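Once you've looked at the hints, dock chain B against the given chain A.
Chains as they are written, first to last, in our numbering: chain A, 1 to 122; chain B, 1 to 122.
If you're looking for bench data, these hints aren't it; they were derived computationally from the structure. Hints may be right or wrong, so weigh each one.
So, partial list: chain A residues that the calculated Cβ filter (under 8 Å) puts toward chain B [said to hold, decoys possible]:
1. 70
2. 78
3. 101
4. 114
5. 115
Partial chain A-side listing against chain B, Cβ under 10 Å, derived [what the hints assert, rightly or not]:
6. 35
7. 57
8. 69
9. 71
10. 72
11. 73
12. 74
13. 75
14. 77
15. 81
16. 97
17. 98
18. 99
19. 116
20. 117
21. 118
Derived DEER-like restraints, expressed as beta-carbon distance ranges [as the list claims (entries may be wrong)]:
22. 53(B) x 108(A): 28 to 36 Å
23. 54(A) x 29(B): 39 to 47 Å
24. 25(B) x 76(A): 28 to 36 Å
The structure displayed is predicted, hence computed values, not measured ones. C-beta: ideal position from N, C-alpha, C; glycine also.
Protein chains: 2
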Amino acid sequence: MTTQELAQAFTQLCRDGELDEAGRRYWSDDIVSCEPMEGAMAEIRGRAGVEQKGQWWYANHEVHKVEVGGPYVHGNQFVVRFTMDVTPKGQARMSMDEVGLYSVKNGKIVEERFFFGGRASA
Amino acid sequence: MTTQELAQAFTQLCRDGELDEAGRRYWSDDIVSCEPMEGAMAEIRGRAGVEQKGQWWYANHEVHKVEVGGPYVHGNQFVVRFTMDVTPKGQARMSMDEVGLYSVKNGKIVEERFFFGGRASA
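Isolated chain A, as found in the complex:
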């Protein structure tokens, strides 16, 4: 499976709302997940931790809508854009605009790195 093919398949699952399944299917066991913030979420290593992070996120955000753009491919990396309409627990409904940069090795995603575009109250 080429990076282009993996990128297409991964992005299609995201577009279908199957973000969890996209990770389960294409993350390496050694996946590293990087968020543009300080603290415990900044860098998580290993599938178990990254799955936990996903569970935490879904438990703490009500997702109204996700729009997915891409993928954009270069060599062994690809970019996916996510525009999300969410309500974080106890906060106002908001729009989140971010991109993920994914690095592929041996047919699996070994790193996902998120970039924040903007957040605005809806």
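Leaving out everything else, chain B in the frame of chain A:
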């Protein structure tokens, strides 16, 4: 100037149609420019070569419209999205959808790496 500030200023120049000026102002002299293709354009090193590439591009593409999204920031890197309505010399008018991943060091862009999303005839 933080990466966030540089990213905002760079992206605003692009949004204003001043892509050339954005490069002139924020590229390092040692800028490396990477395109997702084989051949001479795959990796160009140094400001002179990258400026030449820009001149070649503008001489060979009629640009009807550029839409700019972002920036999306993480640490010393940021992503900008470009949606272009162009006519390459001797070819049909087309839509190009790509993102640039920019790496910043000492207040200058030291690498730009482009990712192709899709190209469609208009």
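Which of the stated hints cannot be reconciled with the structure, identified by number in ascending sequence? 7
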